[in-house]
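The task is to assemble the complex, starting from two chains supplied on their own in separate frames and drawing on the hints.
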Amino acid sequence: MDVFLKIAAAGVLIMMLFFLWPTFKAWQENGPKAEKGDWQAAILPLAAVVGLVIVLIMLVR
Amino acid sequence: MANPNPFLSKQQAAPATRVGSVLETNKVLKNTYLLLAATLGFSAFTAMISMALAMPSWVYMVSVIGAMLLGIFVLPRAAQSAKGVGVIFLITGLLGFGLGSILSMYLALPNGPSIVATAFGGTAVIFLGLSGYALTSKRDFSFLGGFLFAGMMVAVVAMVANIFLNMPALALALSAAIILLMSGFILFDTSRIKSGAETNYIMATYGIYIAIFNIFISLLQILGIMGDD
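Protein chains in written order, with this note's numbering: chain A, 18 to 78; chain B, 882 to 1110.
Isolated chain B, as found in the complex (with noise of 0.2 Å):
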């Protein structure tokens, strides 16, 4: 997710300068891009260990949790100064732990290896696209806001229904709605780094990774479904 108040991070940004914000933006940007790079690669290093240790299902639910708590509770704090660089280390690095254990679920499938490499694939393809339309658009995506907040909380109160109703076509329909719902947040999210209103490259580091990770585990979930699997 994205800033926990980015409406509040947008007023407060209002540049100075038009050259100096430029130059702010583009730090902004390189640093998100840098950092973000730094925590997918780890995210793959914690991934590796969990499946080397054969960690069960349950670890992914656990790891999950755990990040989410960081999320919500530490790292709009530590994103202030530089201890937020190892509070989001460890959030991506709980994140990649437990989702190697769901890695190992998929590839012990018979044709997992195929869905997970096509997950992969799909989410890097929609991540490079959304985000280099968005950067090259002159259009600033500051307007979805209001609808995928409204999305989000629509799909949080579905998740949790889904916890306790266990019902497959929920799920399905849940993930086709998150990965458009974060396919919003990859153009909101760079839009806003873009104009300059975000200024936290740790926190847009954050809302890019949450949207990419959360593409990646629902076109796992889907593609797993409709692989017949």
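Chain A extracted, bound-state conformation (with noise of 0.2 Å):
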């Protein structure tokens, strides 16, 4: 069962890059590209979320 279920799983995974593929294409391809400011702007709240998980982290700790 658990093998099966390993195979099924990496099958829809695999399934799935298929289906990503060209959305992936059309993004790098014709996806606005970022203006100045736009990767700091981004940055920032991500970098806020890794502080975070590290605050959660140490809370269970």
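Honestly, the hints are just simulated from the structure, not real lab data. All of these numbers come straight from a predicted model, not from anything done at the bench. All C-beta atoms in this analysis are idealised placements derived from N, C-alpha and C, irrespective of residue type, glycine included. Heads up, a few of these hints could be off.
[To be verified] Which bits of chain A does chain B cover? Going by a derived footprint, with three or more residues having C-beta under 8 Å, they are:
#1 21-32
#2 35-47
#3 57-63
#4 66-78
Put into structure tokens, the structure is as follows:
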């Protein structure tokens, strides 16, 4: 049962890769490009998420 | 994951008038958050049923596989009609049912209730914080699309490898990467609703729900491992 489930999960994930590919390609070729300051505005909240996860880890230890 | 072909959706969503587009955007935003609240509540309900029935942990994998198949093959078509609401409840109900079996496992650990509560609180803070930031920011986070989809492809390949390798260090690294990717998807999806690029509230709800679900599961895994259990 376990091996069968693992193979099924891997199969579905590989299928997902095939479905993601056209979307990935479209975004790479035609997606909007970042303007000045865009990356900074995105990295700031993501850094806050990293900080929060570290605090949560310290809380459960 | 977000809309299976978000770029096309963005192209189709060129607003006709500014007033019309603002009203339409507010409607999509309101409907998305209402449906998100309902689906999260329904997931909690099915998770409680699963816990009451003491489902074994393999139920989680079966539920995720079923939900992924529905998300890939059924939802994109059904989302164009009212049927989509039923399909999204089916997907989120299934995911909640699977989650219940994992929660039972964590709650049986010595500090399990604290880990589950911390992961729940952490997920809520991350979602509310990032959504609030994306809604109030003047920036358009659509530029993250290429980076996020590339990251997702790498993460999926690593997930497939770890199904068979079973490496705890890789699982931990993957959980951390998924939290960052899904946080990026919350910024991206919310920004696309705000800018009017996403006009289908069912697909918008699905994208945000999957991000929240993945953040919760990954936080549970990180806190479970780092909490020495």
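Looking at the structure, which of the earlier hints fail to hold?
No hint contradicted; all consistent.
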